[in-house]
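Residue numbers (my numbering), protein chains in the order written: chain A, 1079 to 1181; chain B, 502 to 995; chain C, 43 to 690; chain D, 13 to 480.
In short, the hints are calculated from the structure, not lab data.
Errors might be hidden in some of the hints.
As the list claims (entries may be wrong) - The following residues of chain D were derived to be distant from chain B, with all beta-carbon distances above 12 Å: (1) 66; (2) 276; (3) 370; (4) 390; (5) 444.
Claimed, not checked - Here are the computed lysine-lysine pairs in the BS3-like style, where the Cα-Cα straight-line distance is at most 30 Å: (6) C:117 - B:911; (7) B:528 - D:157; (8) C:206 - B:988; (9) C:206 - B:943; (10) C:661 - C:201; (11) D:327 - D:410; (12) D:330 - D:64; (13) D:209 - D:161; (14) B:526 - D:357; (15) D:451 - B:526; (16) C:414 - C:488; (17) B:713 - B:988; (18) D:357 - B:528; (19) C:201 - C:71; (20) D:43 - D:330; (21) D:330 - C:688; (22) B:872 - C:206; (23) C:661 - A:1169.
We put the beta carbon where it would ideally sit given N, CA and C, even for glycine.
Spelled out from the first residue to the last, the chains are:
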Amino acid sequence: MIIPLAHILIFSLLLFATGLYGVLVRRNIIGILISIELMLNAANINLIAFSKSTSLSPETGQIFAIFVLAIAATTAAVGLAIVLALYRVRKTVYTDEVHLLKW
Amino acid sequence: MSSHILSWIIFAPLIGAAAVLLMPKSKTSWIRWCALLTTLIVFGLTCYALSMFQGSRAGFQMLEKAAWIPQFNVQYLVGTDGISFPMVFLTALISLLACMGSLAHIRVKEGREKEYYFLFLLLETGMMGTFLALDLFLFYIFWEVVLVPMYFLIGIWGGPRREYAAIKFFLYTLAGSLFMLLGILAVYFAASPHTFSMIDLVKMPRDFFFQKIVFLAFFLGFAIKVPIFPFHTWLPDAHVEAPTPISVILAGVLLKMGTYGFLRFSYPLFPEAAVWFQPAMGVLAVIGIVYGGFVALAQTDFKKMVAYSSVSHMGFVLLGLAAMNANGFRGALLQMFNHGTITGGLFLLVGVLYDRAHTRDLNDFGGLGAKMPGYAGILTFFSLASLGLPGLSGFISEFLTLLGSYQYSKVMTATATIGIILAAAYLLYMIQRVLLGQLNPKWTGLTDINWQEVITLAPLMVFILALGIYPNLILDYMIPTLDGLLKILGGAVR
Amino acid sequence: MVTSDQIILVPLLPFIAFAVNLLAGRWLKHRAAWLSVAASTIACFIAIPVCWAVFQGNHFANQGTWLMLGQTPLKFGYVMDPLSSSLLFMVTIVGTLIQIYAMGYMHGDPRYSRFFAYVSLFMSAMLTLSISDNYLLFFMSWEIMGLCSYLLIGFYFEKDSAAKAGFKAFLTTRVGDVGFLIGFLTLFSAIGTLNFSEMNALMANAHHAGAPLHAGLLSLAALLIFCGTIGKSAQFPLHVWLPDAMEGPTPVSALIHAATMVAAGVFLVARSFSLFMIVPNVLPVVTVIGTITAFMAAFIALTQTDIKRILAYSTISQLGYMVTALGLSGLGAGTFHLITHAFFKALLFMAAGSVIHGTHVQDIREMGGLFKKMPHTATTFIIASLALAGIPPLSGFWSKDEILLSAFASGHKIVFMILLLTAFMTAFYMFRLIFLTFFGQPRNLKVHAHESPAVMTAPLWALAFGSIVIGFPGSPFMHHWFQKFMAHMVHHPEYEPSAFVMACSVAAAVCGISLAGVIYLKKIRWAQKTAETFSFLYRLSLNKCYFDELYSRCIVKPFQSLGRFLFGFDARIVDGAVNGTGHATLFISAVKGWIDKYIVDGLVNFTGTLTHFLNSIVKRLQTGFVQNYLLIVFIGILVFLVWELKII
Amino acid sequence: MNTVESLKYFIPELILLVGAFFVFTIDFFVKNKRIVSGLTLLTLTLSLCFVKQPETALPLFYDFFHLDNFAHFFRYFALIAVFITLLLSYSYTPIRNQYEGEFYGLFLFMAFALILVATANNLLMIFLSVEFLSLLSYLLVGFLKNDRKAKEAAIKYLLFGSVCSAIMLYGMSLAYGASGSLELSTIGNTFFFAPFKPLALVAMLFFLVGLGFKISMAPFHMWAPDVYEGAPTPVTAFLSVAPKALGFAILFRIMAVGFLSLGRPPSLILTALSMLTMTLGNITAISQNNMKRFLAYSSIAQAGYILMGLAVLSKLGKESILIYLLAYLFTNLGAFAVAILVEEKTGNEDLAAFSGLSQRSPVTAAMMAVFLLSLAGIPPLAGFIGKYYVFAAALQAKFIMLAVIAAINSVVAAYYYFRIVRLMYLTPASGPVFSAAPKSITVVLCLTLVVVLAMGIFPSFFLDRILS
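Same shape as in the complex, but just chain A (with noise of 0.2 Å):
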């Protein structure tokens, strides 16, 4: 069965708006992070898509959704790391707790 691409980049789409969805209205960072993974993922979706249907060596596309797992890996370590600092010194991970810089 072949799925058409349409289909499959309104599922990105929706992936990706959930995810940004996520980023705005999750208070928890940790949710924030794991909903910027959503959106890197359905960016991913739709470069193994293109990658099959358009592209004039389908491998590339591929790679680089390789490439965006490892990089979304790194993203997460690096975050959480932060958030580790910040609830050192903080005591919190929610983002509405973290507003000492503003104006």
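Here the structure of chain A is known, so what remains is to put chains B, C and D in place on it, guided by the hints.
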């Protein structure tokens, strides 16, 4: 070509400034004498250049040329002609006197002489460069260089509202000059080959619509500097707050940069647009004359009154420019010079009084004529020159201006003459309030003007008297160039 | 032997005296006066031979380029023609005599040298004006005279009234001067020259051709030039400064405000006579203004009590005579009266100064019976008054007769009647002054009068001599030499002498004198009675037609004064244009200052305020919540997406 | 060009990599951190020595990297920026702790990452290098231990940056889908054809988000003030200059190669963004009282001016970006050097610390005044040359409205720059008199001052080298 006299004139103050910078802060007398010596040398150089200047020639003289930023075809191009040379001479003179005035008047805050004289000399370089640069880019650089020292000089050594006045002056002028920069760039890109050199640019024709737009851009820059109504409100503040010698420079030289800009750049580059804007310029000039006069009349602050009188008098310059005929131009350029000497002197005199009485409230004085006869005489002299008494220089420039503007528009001239009556009114009213009447017992302790101050004022008086009696002394240098400019504008020399 | 070019020395010498006195006055002290008098005397001795040569029918002129007006050179030079030589003759003599007199009068003044410096400068300017050959030079010296007038009126500047009077004088005349300035600018644009001789030639050509070149422009020019006269010669409605100018030292009043400077306005019209003759509709204006001035001033003089003010109004009145004469095309008559008037009016002032010097009061009601105490002063004063009243064969008779003749012969009967009435009033008020001052009994015992020193009385006698004889050149005894002499200048109508006019003139003068004698020597009550009967007219005259009060009333009770005056409407204009100039404009300028502060500056400040306002909004976006930032990013993306899709 | 061939053009980068690892290793064993810092400087110097101008544009590593004159300029730029930042860090007390060596090592990586960004020529490489840069930045911002503000700044930076990266990545996927390639040139060629234009525009917008975040372009600038305030001051100095410049470099490359064929719309959008950025930056800067925050807003506004050069997308525009960035590099680092000095001496980050500086330390005040004037674009200083160039580029391309808005903005900018000048010169002294400045800061100050002046007075020398 062979001698670099103009470059020396421009950069000698800079060398002096560097020397001041290298001196130890505590040696205030060294610093003072160094500054005075520098201004004196610049004046000497200017006199030397005067001896080389050929008044009968119309074009640029003593040109010096070197590539500066070849990527943009920017040249170090300086030269002088009958329009700029009087201004250079005026700058050298006023700077020298202002420096002498600084020695006498300025109560330099503890240990800040060094900064003061450094900035002062830097300012002189900027002014000289502005008047001598013939490359638009170079001109702009010098134009801006003038601003910064002025900001500090007003801001640090000024009166109680100095910070406000300084930043107001700075921002106003900067706003104008940025638009001028856009105009300069537009001219540059419209020229083929791209160039900033006035010598080449003058020869190129420009599209009429383009001229109008760019004329406006230049106009904004120059109008704020002059200042033309309604861009004048920075002037009273700056003048009032600035220390005396700086007011002198401001009135004596800086205001002229605006009108000089019209003569040097706006008119030759955009002759058709200039003609198109002629009525507007004339109307603004007349408004400035009358308006400045009225407001000056209402002032109770001595310095503010003189400041507003500048608005009125610079209006005459603009009126002469707007007339666009031989007499108008001559009157305008002469008025530029004369206003520099006269108003410069008036500001010095305000300073003399302020140093003694520590107030400038006109209503507070009275009867000083008996107490300070020397001061009274000199103040009366300058006031009379300012109100255009024949025999003193202010008259002849106003007369030529009016003659010129009469050929252009009778109504404007008639309205402008209200300014003459007003000038008499506010100046004599000032004299009445300061010098005449009963002596206010508060001022029994005032001493008369001293020799140092008289020496500062004397050269100005000599010029005022000499030009009033025989204006050709300076007009001879101006006429060929101005007539040449008139030909560019398409008018016949009548 | 004097060559004509040495005439330049005439104004130059006093100028040198001025410069030296000004700079070195502190060390010269009383020698300053000698310097000025010497300069003036030498100038006199240089000038008189040249004038004499001109009287013989010669004509001198020379000029050099001073300035380029466009391509036209503007030449400055002198011209010695009948007109300028007459004036020069009068000014040098009268000026020198007054300066000699001033040596005595000003003796002991702390600013003695300054006084003589100013007077010398004035002499220099007046002499330049007399011989100048073009409008610009004329105007320049004209203005410098104005300055000297200002300085000398305010000479006792510690007195507020003196300072204000100077201010008023300068400003009022300046209004006229500006008119004059525009006037000759207009003239220049019409005929392209400012030179008198060239103008005369052009006008003569135009006259022969039938029509002037630019009739409209030239009329305008003539009217505007006449504005200068109105200001300088204190004609209605700009006359208000002259009475106040009496705050100055008396020699100044004699020199500047009686003999010379105020006459310069008349001289200006005489100088421009070819222009006035050729343009239509201007001479009637001149006549009307002159007549009104003559009558009004004489009317005011009737009731004044300050000795100098009476003389000041008398001067205004006589200047009105001269202007009327010129307006009636009587160039010879006007100029003649100018010369004679200078002599006897200067004498009157000097004698009045001598009285003041001797009594230290100025109010004639406090004087009386001074004849015995100051015989020289009194005698000369009476001689001058007789001249002024027009008693033959004194000089004033001949010149006044000429004016009346031109009014009569040219058919202006109303003008003639008014002038005759004025002559009557003139005689009356002069002799009222004399009888109150020199005759009767001393009314104030505190006044201890004494005769003035010789340095003052000698010039009085010299001028008295002049007042007697100076009229002869214009009299039938010398076959109206002066009028013929003037006719060389510009073609103008001449009238046959008329015995009727002479008789009327003498009758008016004699009536005036007798009436004054009857009232003020015998029936002093009549004066009061008359005043009560015609209380309206009396008060009008006493209050100088309310010209001065009008202004202050306008400020205090603007509406009260509205219907109250005979000259209400005119006075209102006066108020606006002259008296109130300073204060009215102060009000306007206060408003303008407000505009400046709130509107013009406000626009700029508004930009600043706007920036700060935006700042306060934009700043609030920076909440510190990272998700708000991301929301803004999201909104930004949406906005730009929509926009992008629109521009495609 | 294959890997082995490419390596010989890659020596400076290799030196940096090796140096970085070496520094990390040494840091374990050495107690005297001066040795570590010396080593970092040595590495940078070595790297600088080996930088050679390519004769032609080189497609390194199978055209993953594109080393042309443009990239070459940014190699120098990155190395100098890092070099100066390190000098600044040496005298910055809060960094002095046991992790000091790590800090230096991270900066060497940073230099490496910057060069990668400058040369990247492939969507994959662009993504990777930008992410590398971002991750390093997050770490450096949050470097200070137990600093509440620093940690907050780091987490905000990370969240904001990651979201923007994700959006950009989504855009990349769309571009890839539309063109079927990750090569910028191929993408550019494909977009020439009409049907792809809407998709291309969306992709471009997403690129603008990801890179606009790097260059702090409004409305993607919101992180900047908070992060700048929270980060250690030398890092702030660095962030305000280097990543921003490299962001411009890569954005220009993408716009000029990838999206040039879209014609006018990109220019229009960039013009709007430019106006928005400079206006927002300037307006907000007016009321700031914290020096770092103040400079953050100023740097946002400056980004707006540089965007003018980008918006016109012409040759002159490109030159104007390079020149503006160079002037900005030295001026801004100079200003930060003074800010660090003042912070060190007074322990206060507020603008008030500058009041009366001219009496307390005339030389420092004078230098600061020069830097501020240069930022305000007053001739004859470097900043003016930059501003002149962007104005020239805008006018040449007839973007008159943009130029006028920029001119008005310059006046507003002058107003707030002069606030500090006023504080330094016009208000009475308060606070301690300065003793001698640390040597490293003195070096930085002298260097930047000389360049700022020289570039203003003899710009042709610099223009020759940049534009050749």
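Would the least Cβ to Cβ distance between residue 390 (chain D) and chain B come out above 12 Å? violated, 6 Å
Examine each Cβ of chain B, and state whether all of them lie more than 12 Å from the Cβ of residue 66 (chain D). holds, 22 Å
Checking the smallest CB distance to chain B, is residue 370 (chain D) really beyond 12 Å? Violated: least Cβ distance 8 Å, not greater than 12 Å.
Do the alpha carbons of residue 451 (chain D) and residue 526 (chain B) lie within 30 Å of each other, as the hint requires? At roughly 24 Å apart (the allowed maximum being 30 Å), residue 526 (chain B) and residue 451 (chain D) satisfy the hint.
Are the Cα atoms of residue 206 (chain C) and residue 988 (chain B) separated by 30 Å or less? violated, 50 Å
With the threshold set at 30 Å, check whether the alpha-carbon distance from residue 357 (chain D) to residue 528 (chain B) stays at or below it. holds, 29 Å
Hey, residue 414 (chain C) versus residue 488 (chain C), does the alpha-carbon distance stay inside 30 Å? Answer holds: residue 414 (chain C) to residue 488 (chain C) is near 17 Å, not above 30 Å.
Within 30 Å, alpha carbon to alpha carbon, are residue 117 (chain C) and residue 911 (chain B)? The given pair, whose Cα atoms are some 24 Å apart, holds under the 30 Å limit.
Given the hinted pair residue 43 (chain D) and residue 330 (chain D), is their alpha-carbon gap at most 30 Å? Given pair residue 43 (chain D), residue 330 (chain D) is violated - Cα atoms ~47 Å apart, limit 30 Å.
30 Å Cα cutoff - pair residue 201 (chain C), residue 71 (chain C): holds, 23 Å
Restraint check for residue 526 (chain B) with residue 357 (chain D), where alpha carbons must lie at most 30 Å apart: At roughly 23 Å apart (the allowed maximum being 30 Å), residue 357 (chain D) and residue 526 (chain B) satisfy the hint.
Check the hint pairing residue 327 (chain D) with residue 410 (chain D) against an upper bound of 30 Å on the C-alpha distance. holds, 14 Å
Comparing the model with each earlier hint shows violations of hints 3, 4, 7, 8, 10, 13, 20; every other hint is respected.
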